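There are 2 protein chains.
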Amino acid sequence: MVVAGADMARLRCPEIDYLFFGDEQRIRPLLANLPDLERISTIHHTPDAISNDAKPAVALRSGRTSSMRLAIDAVAQGKAACVVSAGNTGALMAMAKFVLKTLPGIDRPAIASFFPTMRGESVMLDLGANIECDSRNLVEFAVMGSVFAKTVLGLMEPTVGLLNIGAEEIKGHESIKQAAAQLRITPLPGKFHGFIEGNDIPAGVVDVIVTDGFTGNVALKTAEGTAKLYAELLRRTFSSSILAKIGYLLARNAFTKLRKRMDPRRYNGAMFLGLQGVCVKSHGGTDADGFANAVCVAVDMVTRGFNETIKVEVARINSAIAAASAIVDSSSPDSPLPDPKAAAV
Amino acid sequence: MVVAGADMARLRCPEIDYLFFGDEQRIRPLLANLPDLERISTIHHTPDAISNDAKPAVALRSGRTSSMRLAIDAVAQGKAACVVSAGNTGALMAMAKFVLKTLPGIDRPAIASFFPTMRGESVMLDLGANIECDSRNLVEFAVMGSVFAKTVLGLMEPTVGLLNIGAEEIKGHESIKQAAAQLRITPLPGKFHGFIEGNDIPAGVVDVIVTDGFTGNVALKTAEGTAKLYAELLRRTFSSSILAKIGYLLARNAFTKLRKRMDPRRYNGAMFLGLQGVCVKSHGGTDADGFANAVCVAVDMVTRGFNETIKVEVARINSAIAAASAIVDSSSPDSPLPDPKAAAV
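In order, the protein sequence lines correspond to chains A and B.
Numbering of the first sequence is given in the numbering used here, commencing with residue 671 and proceeding in unit increments.
Numbering of the second sequence is given in the numbering used here, commencing with residue 671 and proceeding in unit increments.
Since the hints were derived computationally from the structure, they do not count as laboratory data.
Keep in mind it's a predicted model, so treat the numbers as computed, not measured.
Do not take every clue at face value.
Identical copies look the same in the list; a pair holds intra-copy or inter-copy alike.
Below, a list of computed lysine-lysine pairs in the DSBU-like style, where the Cα atoms sit at most 30 Å apart [to be verified]:
#1 Lys847 to Lys767
#2 Lys861 to Lys847
#3 Lys898 to Lys915
#4 Lys898 to Lys847
#5 Lys767 to Lys981
#6 Lys767 to Lys841
#7 Lys771 to Lys841
#8 Lys725 to Lys861
#9 Lys927 to Lys915
#10 Lys841 to Lys725
#11 Lys725 to Lys749
#12 Lys861 to Lys898
#13 Lys767 to Lys861
#14 Lys930 to Lys915
#15 Lys930 to Lys898
#16 Lys898 to Lys927
#17 Lys861 to Lys981
#18 Lys847 to Lys725
#19 Lys898 to Lys725
Full structure from sequences and hints, please.
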């Protein structure tokens, strides 16, 4: 799946070449069947791999010669522009954070992913890297998410929504209310929409959905599960009678389009944002097509200068906030800089 | 919608009679058109109503003569067996909690609702009454949810899952891990399944989904939004070509069944569990059919003795835990009673 996906991605991103980390005896014969891919590929043999049930801390400690670790090291050493893995998410994040470090001005990296909506697609973060988030983390997620939407998705002025359980100011966790107050005065590279609710995510009310990793993970998986429920009920409906079966045959072309639009492979690839290096996690259960999408989003992040823009934007936002605070009474409780670390860029 | 819904519910629950609280001038003419309903109804006139944007604290303080408050008072005074309202959720919960009080052994009431799944339907709680929950709250939700599934849904041994972001023990908030540890030694009226993830909710992996009010609200609304997205895409697909339109006509009967099964009106009615009185909140935007479902679930909770069973089960669980702790070294850190209040029944 990985090798076949790399081959598909090669056709879409002609400038690419690959370093494969893993068991050479397994990779070599696969490449031999794909000479165009083989020509742009180098294999770095290692017999060690991180298992899917390995705990992140254990993987970090004892996985120094694993394929995952060596691939991340290659990014840190400048030998690769980005890393794509279909392995253990927790281990990948722990290693990427440890090896690549976070970007200046970013306290914690986040996992972001695409979400199909009524209007097209949105980006949601965090999806599980940070179970507990304070207001500063949420504000940083908003900055990273809007830079992503602007540079990688090419949106001129992405809208950013903070996930809450009501549009009213009085509801929600304290950290969310504080983040909203801060975002209202932060000159984002997009536009802060305010609070959104769960139903606003698939409705496509905003381009970027910001939330803590626990809530984001539950929302994403609940939506995936609901989509699966609908797909299954639809399948049963079309096979429930002869007439329905004929109906399906007639509507088949239209349904092929619908299936393509909602295809989970299209949305494959969870981006780790906030690291000094590009790292994308592919679903383990995807196919070559899905893996190719994960590779292409990593390439897009590199070629469109996502991390460089983050640095510029964080510096711009901080100097704008510093300039604003210079003309505000420094003893004011409304000082726009709630966290002294945020200015340490 | 309320009056027409009450009339529909009357046919399904023949033993019912109604007290209507509100503006008599508006209710009287509606009842006059429905003589069978009028015969079993009494109108309690009040010109005051809680607006949908009223803050709960304000509604509680200044809404003493509102229709909502008088209806809840009627339950507290034993004049009504249950209250059903399509009004402001926050105000309804604040008033119901203040007037009816919580059941003995229950620290905080929760909002529960039905969720359509691959297997039929599940019950999820809390859906927004408690934004921050400790492990004790989650354990109580599990008890209330399984009693609900057993008495109202008639399941012999309902399964209970705790919503988390991974099946592993190491993930999730501290409160969830503690709740899981406690639930493993709690003799629930159902069976504790362990952790579930967002996608397990629509898959119907468990009968009862336990979570904090923030996560539950986001999960429910995200699922509703995803269902709406699918319904809309399906509509567009069927109208995208002549062939697709003919296909729809042929499959129409099958789709009517699907629509019925997923009809949000079928799942209307959010139950407030843990109060000394039955209180059900109907969606404000539903129709008579949906409102009738909310009335019927309230009637079911009364006739099937939901609150009486809660009291019995809480007492039974606490004495079982007390008996178990009597044979455990009292200095043991694994003492099964983490909260002294839990025994004060």
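So, going through the hints one by one against the coordinates:
{"no.": "1", "hint": "Lys847 to Lys767", "verdict": "both (28 Å within a copy, 25 Å between copies)"}
{"no.": "2", "hint": "Lys861 to Lys847", "verdict": "within (17 Å within a copy, 38 Å between copies)"}
{"no.": "3", "hint": "Lys898 to Lys915", "verdict": "both (20 Å within a copy, 24 Å between copies)"}
{"no.": "4", "hint": "Lys898 to Lys847", "verdict": "between (33 Å within a copy, 28 Å between copies)"}
{"no.": "5", "hint": "Lys767 to Lys981", "verdict": "within (17 Å within a copy, 50 Å between copies)"}
{"no.": "6", "hint": "Lys767 to Lys841", "verdict": "between (33 Å within a copy, 18 Å between copies)"}
{"no.": "7", "hint": "Lys771 to Lys841", "verdict": "between (35 Å within a copy, 23 Å between copies)"}
{"no.": "8", "hint": "Lys725 to Lys861", "verdict": "between (38 Å within a copy, 28 Å between copies)"}
{"no.": "9", "hint": "Lys927 to Lys915", "verdict": "both (18 Å within a copy, 15 Å between copies)"}
{"no.": "10", "hint": "Lys841 to Lys725", "verdict": "between (36 Å within a copy, 10 Å between copies)"}
{"no.": "11", "hint": "Lys725 to Lys749", "verdict": "within (27 Å within a copy, 58 Å between copies)"}
{"no.": "12", "hint": "Lys861 to Lys898", "verdict": "between (33 Å within a copy, 26 Å between copies)"}
{"no.": "13", "hint": "Lys767 to Lys861", "verdict": "within (29 Å within a copy, 39 Å between copies)"}
{"no.": "14", "hint": "Lys930 to Lys915", "verdict": "both (20 Å within a copy, 20 Å between copies)"}
{"no.": "15", "hint": "Lys930 to Lys898", "verdict": "both (14 Å within a copy, 18 Å between copies)"}
{"no.": "16", "hint": "Lys898 to Lys927", "verdict": "both (17 Å within a copy, 18 Å between copies)"}
{"no.": "17", "hint": "Lys861 to Lys981", "verdict": "within (19 Å within a copy, 51 Å between copies)"}
{"no.": "18", "hint": "Lys847 to Lys725", "verdict": "between (33 Å within a copy, 17 Å between copies)"}
{"no.": "19", "hint": "Lys898 to Lys725", "verdict": "within (29 Å within a copy, 38 Å between copies)"}
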